[in-house]
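S.K.: Start from the sequences, fold in the hints, and give me the full structure.
2 protein chains.
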Amino acid sequence: MKKQLTIGVDVGGTNTVLGLIDREGNCLARTDFHTQRSTSEEGPVFFDEYMDLLYGAIDHLLAAAPEDCVVAGIGIGAPNAHYFKGAIINAANLTWKDRSKPSKEVLGDFEKQNRCEVVRLLKKHYPAVKAIAMTNDANAAALGELYYGGGKSLKKKDLVEITLGTGLGSGFVSNGDIVYGHNSFAGELGHIVVEPNGRSCGCGKCGCLESYCSATGIRRTALRLIDDTATPSVLRKIEREKLTAKDVSIATAAGDKLALEVWDITGHYLAIGVSTAVAITCPEAVFLFGGPTKAGDLLMNPLKKYLDKYMLPSMKDTKVMFSKLGEDAAILGASALALNAIAAQNK
Amino acid sequence: MKKQLTIGVDVGGTNTVLGLIDREGNCLARTDFHTQRSTSEEGPVFFDEYMDLLYGAIDHLLAAAPEDCVVAGIGIGAPNAHYFKGAIINAANLTWKDRSKPSKEVLGDFEKQNRCEVVRLLKKHYPAVKAIAMTNDANAAALGELYYGGGKSLKKKDLVEITLGTGLGSGFVSNGDIVYGHNSFAGELGHIVVEPNGRSCGCGKCGCLESYCSATGIRRTALRLIDDTATPSVLRKIEREKLTAKDVSIATAAGDKLALEVWDITGHYLAIGVSTAVAITCPEAVFLFGGPTKAGDLLMNPLKKYLDKYMLPSMKDTKVMFSKLGEDAAILGASALALNAIAAQNK
Numbered sequence: 001m002k003k004q005l006t007i008g009v010d011v012g013g014t015n016t017v018l019g020l021i022d023r024e025g026n027c028l029a030r031t032d033f034h035t036q037r038s039t040s041e042e043g044p045v046f047f048d049e050y051m052d053l054l055y056g057a058i059d060h061l062l063a064a065a066p067e068d069c070v071v072a073g074i075g076i077g078a079p080n081a082h083y084f085k086g087a088i089i090n091a092a093n094l095t096w097k098d099r100s101k102p103s104k105e106v107l108g109d110f111e112k113q114n115r116c117e118v119v120r121l122l123k124k125h126y127p128a129v130k131a132i133a134m135t136n137d138a139n140a141a142a143l144g145e146l147y148y149g150g151g152k153s154l155k156k157k158d159l160v161e162i163t164l165g166t167g168l169g170s171g172f173v174s175n176g177d178i179v180y181g182h183n184s185f186a187g188e189l190g191h192i193v194v195e196p197n198g199r200s201c202g203c204g205k206c207g208c209l210e211s212y213c214s215a216t217g218i219r220r221t222a223l224r225l226i227d228d229t230a231t232p233s234v235l236r237k238i239e240r241e242k243l244t245a246k247d248v249s250i251a252t253a254a255g256d257k258l259a260l261e262v263w264d265i266t267g268h269y270l271a272i273g274v275s276t277a278v279a280i281t282c283p284e285a286v287f288l289f290g291g292p293t294k295a296g297d298l299l300m301n302p303l304k305k306y307l308d309k310y311m312l313p314s315m316k317d318t319k320v321m322f323s324k325l326g327e328d329a330a331i332l333g334a335s336a337l338a339l340n341a342i343a344a345q346n347k
Numbered sequence: 348m349k350k351q352l353t354i355g356v357d358v359g360g361t362n363t364v365l366g367l368i369d370r371e372g373n374c375l376a377r378t379d380f381h382t383q384r385s386t387s388e389e390g391p392v393f394f395d396e397y398m399d400l401l402y403g404a405i406d407h408l409l410a411a412a413p414e415d416c417v418v419a420g421i422g423i424g425a426p427n428a429h430y431f432k433g434a435i436i437n438a439a440n441l442t443w444k445d446r447s448k449p450s451k452e453v454l455g456d457f458e459k460q461n462r463c464e465v466v467r468l469l470k471k472h473y474p475a476v477k478a479i480a481m482t483n484d485a486n487a488a489a490l491g492e493l494y495y496g497g498g499k500s501l502k503k504k505d506l507v508e509i510t511l512g513t514g515l516g517s518g519f520v521s522n523g524d525i526v527y528g529h530n531s532f533a534g535e536l537g538h539i540v541v542e543p544n545g546r547s548c549g550c551g552k553c554g555c556l557e558s559y560c561s562a563t564g565i566r567r568t569a570l571r572l573i574d575d576t577a578t579p580s581v582l583r584k585i586e587r588e589k590l591t592a593k594d595v596s597i598a599t600a601a602g603d604k605l606a607l608e609v610w611d612i613t614g615h616y617l618a619i620g621v622s623t624a625v626a627i628t629c630p631e632a633v634f635l636f637g638g639p640t641k642a643g644d645l646l647m648n649p650l651k652k653y654l655d656k657y658m659l660p661s662m663k664d665t666k667v668m669f670s671k672l673g674e675d676a677a678i679l680g681a682s683a684l685a686l687n688a689i690a691a692q693n694k
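Listed in order, the protein sequences are those of chains A and B. Following the working numbering, the numbering of the first sequence begins with 1 at its first residue and continues without gaps. Following the working numbering, the numbering of the second sequence begins with 348 at its first residue and continues without gaps.
Please note that a few of the clues may not be correct.
[To be verified] Derived BS3-like pairs (lysine-lysine); straight-line CA-CA distance at most 25 Å: (1) A:347 / B:694; (2) A:156 / B:432; (3) A:347 / B:504.
Think of the hints as simulated: they come from the structure by calculation, not from any bench.
M.R.: Structural data, given as structure tokens:
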């Protein structure tokens, strides 16, 4: 029997990156292209142009597969991806999301519901590929962790992945599968309220976890402490608009008291978020992923301090740690989605 | 083919109640017995005595099954039930939980780990019964809602059941199955923190949802308002120790301002809890069950007011309503667990 490979596709705002992945998570070949015209003159303007570029990139990887292997699945991680519909719906940062050449077959429900039916088109184009599925980045990361990262050493297939970046995303794996919810939009840990009447959030609510613990939230906490306290800090010398979470890390490493306080506040709210995720789904482990985790112990130490306060005593055996996924996390996550779809078919 | 029936067993602190249930949720026969000696001279003292009474009650229902029917499953809802182990572990209110006659076979891991292996013993005693499973009351209620209650009219098998009583329990159904977590203890919505540094909770933490929104929590809120405000109220005439959530309902119905404020505070915190559950699992519906729901609009109106504030805009299509399970909820829930176990075997 031929060895099964998968193709992982990460649809980013700037680039679409694809990898040909084996069962162990090794990337045997990779390719990429510009996702949209807005970021490069070479990118596509219309959705059907995007699909043509995607077919080309996939063909390239199919051709790169060794003779004793077969590509059994294609997984796609994309912003605003709807798992059940296999479509990207109203993704704010994708210019082609609402443009297609009216004459072409790709339209589907496009005009009616403004959705890019990536999975339907791929299934039609690649009938020999057993499983094709798409989900959002955080769910893909959770599956990537399960198949290729820290999840490999767990006894049960129950984990939570929290992705820290400009926003705060999350994916919940329960009994080996993602908790999608009735409309595929579950996993919005970033928008649980951790501070009633707290600071405003991009979602329109107030006091959301994301508004405190994303890179943007960490920046906002630093600015608030600069404004509201007299604590001396090197951060006061940085132009307000240019201050980043990374600056806070650098300052903390140099012993800056205000910066330390920023991490303490971040750890406090993140502990409420993590303990809430654990109380509801009781995973074997919670993994933290993304830029702010580069702060290492600066983030982990206050987090653990407050977890001791907020975690239900009966759930303290849930491990909380940094992701074990490396730089290829996005394509590995997408590839893991394909693996999971294959596993579901074999059940 | 014979019609499949199930037996639902509700292990309560006072009584163990059993029902013979058909596919439509009709109770064809029922029986009960005292769960433990502490509540009646007739109850069992030892775990093996308890099991003998349970066998007798099940035999009674098996004999009551019509000739064209077969009992295909037995489901048990019990406090501190461990789904994966099929055992009751350290249930605080069950006296026989740590007592068994040492000579008898029922011991199992009993002495080592203090667990009552109800499922293993039942499987041995009733080898002809296809599926036997046990879970806690809140998970059973969630499955009862799914199979026999408000879940019947849902398009997807994704719901959350919140049980309000002395405590606050919850069961999460994702894609037709309970979210058990790695150790079967998931679904502790009652112990998410809704007020950092809030009031103390029985679990040892502070600010838990349960400490505000259970019947006990409602009572505590009333007592706090009596102590901290000068608002006139009929509740002030009730002896502190005797004040209950029901008194708050009665007073509100008579237009009592302080009592109204109690419901407003309860609705506020419950909205944080419900919106958190929805953000994470995005169910098609959230059902509220138990004593405090008898307050009806007194609870639902402030809840909906604050849900409007706390619910993520993209998730506002999740319905929030009272349970459609009637008085037989506990045995229907246990019966539904059996149905679900049968369905899993047929997958």
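S.K.: Against this structure, judge whether each hint is valid.
M.R.: Status of the hints after comparison with the structure:
1. A:347 / B:694: holds (8 Å)
2. A:156 / B:432: Satisfied, since the Cα-Cα distance of roughly 14 Å is no more than 25 Å.
3. A:347 / B:504: Distance of about 19 Å is within 25 Å: holds.
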